[in-house]
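Work out the full structure: start from the sequences and follow the hints.
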Amino acid sequence: MKSGRVLAVDDDPIVLSVLEEQLGELGMEVVAVRDAIQAVPRAVALQPDLVLVDRTMSILNGAEIVRALRAFPQTLATPVAFITADRSERTLVRCLRAGAVDVFHKPLTTGHVRRIGELLESLRLRPFRGAPTPEAMVQILLRFYRREAREGVLRLNPGTPFEGRAVFERGELRGAEFGPARGLDAVAEMLAFDDGVWRFEPGLSYEQTDRTTAPSRPIEEQIHLRGEQRMRLILVDDDPDLRRLFPAQLSRAGFDVELAEDGRDGLQRARAHDFDLMVADLNMPRLDGWGMLRELRADFRTRELPVIFLSAHDDYRETLRAAKSGAWDYLPKTGRADVVIQRCLQALHPRQKAHADVLLGAPMDVDLGVVGPRWFLQTLAAQRVSGVLDAKDDWGSYRFKVREGMPVSAQAIVSAREIAGMDAVGALLVSHGAQGRFAPSRIDEPARFEHDLTRVLDHVCAALNELEARAVSSRIRQGGPLVVDLDLYGLYRRVSNDRDLGIARAICEQKVPTHELAAHLDLPPEDIIEQGVADLLRRQVIRFA
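Residue numbers (this note's numbering): -13 to 531.
Hints are computed from structural coordinates only; laboratory data are not their basis. Don't take every hint at face value.
[Stated by the list, open to error] Estimated spans, in silico, between C-beta atoms of each pair:
1) Pro93 <-> Ala402: 15 to 25 Å
2) Arg322 <-> Ala402: 47 to 57 Å
3) Phe58 <-> Arg20: 20 to 30 Å
Virtual Cβ for every residue (Gly too), placed ideally from N, Cα, C.
Laid out in structure tokens, this is it:
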């Protein structure tokens, strides 16, 4: 018979009853706690061998309970396993990053209970020493997949050059890559990624997944296949020699090229004109590549613009930083235009494929997280098509109808609440990794928009940018009363990353004034606070009174 003391924390009495009964039959002492507030003091008093905690509860979530446990010497090394009804890969990774030694999916079965007993036995043989190291997180993930006998490919940020992928056969890792990292190192770097898009595609191998590369043909043949379609590219570099040499070669490859001599110039031009792609140096005067990228991503007119960085330094860590900052690709500066052209073609491939699918006039799947929701809506308008776009992400579901490229209606359902019109368009534009399907069809209902789609998108982007500006304005730094939407806050707690959740909890529950957030949360960079508050404003979790 197995023995041990388990503290079970869940606001569902049925789950607690199952754990008490079945773990008790295995000879374990089970202490059930329904009130999340009591979880930490009970753990400090009991010092259990294992804490089982529901990841999402109404007052404290699992990650917050883990952080609180680590603050006390009595529970610093207490192992915690998460229970969750969410089977998504994103949630699994967040559980591991929060410090879980295992994850169990609801509804709990006798098999789960048996595995809890096995987990306790393994913890006796290899005692838990505190927060899992990156290497330990990898081993926990591999053990989970082995137990589930997963078959397929785990993908991080699918459809980008910074895609991470790990292939599993019958639960065993057969290979992994993320940027320059391979094998277990690649899996560790993937798990360190803060808030990417995660998917597991069953039954696929490396070769079967679309890596968004352009067809493996010579560049000249790829250009010929694109016909007369020319892409607008902006080249941003303070090196006059590169600005003189590259444009001619890029032009021969089918690009209309505009030049900018530094980051500030590039940013202004990108805001003034619609470009399909940006190629930029990292080290520039006035505004470097990192600063320019941050500004581009903060502006809803330019946040979907793919950016390829060029750098004189071929650095492993800088490559990963580019991935985490939202760059499309990162290339060492060799002076060879052919490599840059090839990567440019690869960057444009997902959009060109989606554009071709729209022209075919058949139902199509579209990865809005890769091509961008604003770009796709603009494409529907430009091609004057009629039909219905349905999309979904962790935050909600979205429906958009067009008739001959003109907007007819927009709806979004977020936290069981229906949003319509401009607000629904805004919800779609701030979606994260949404997967969509467009079905061409006749639309007979009357239009609910007064303007064409371009003006609608311009209006929504301006409104979202105003929220962004408000988030970084003196109003945040000076504080001021805020109104919290409790329903949307409950949803935000389930889908946000740990850092943003800490900001949200401080504002929504602890009522910390915005100008005191940095000191309260011990987050020195001001832009981290501003980004977190801006996200809450965009998603209408909070608003200024």
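Hints and how they fare:
1. Between Pro93 and Ala402 the CB atoms are about 22 Å apart, so this pair conforms to the stated range of 15 to 25 Å.
2. For Arg322 and Ala402, the hinted distance range of 47 to 57 Å is satisfied, since their beta carbons lie about 54 Å from each other.
3. Evaluation of the 20 to 30 Å hint for Phe58 and Arg20 yields a pass: the beta carbon distance comes to about 21 Å.
Of the numbered hints given earlier, the model fails none.
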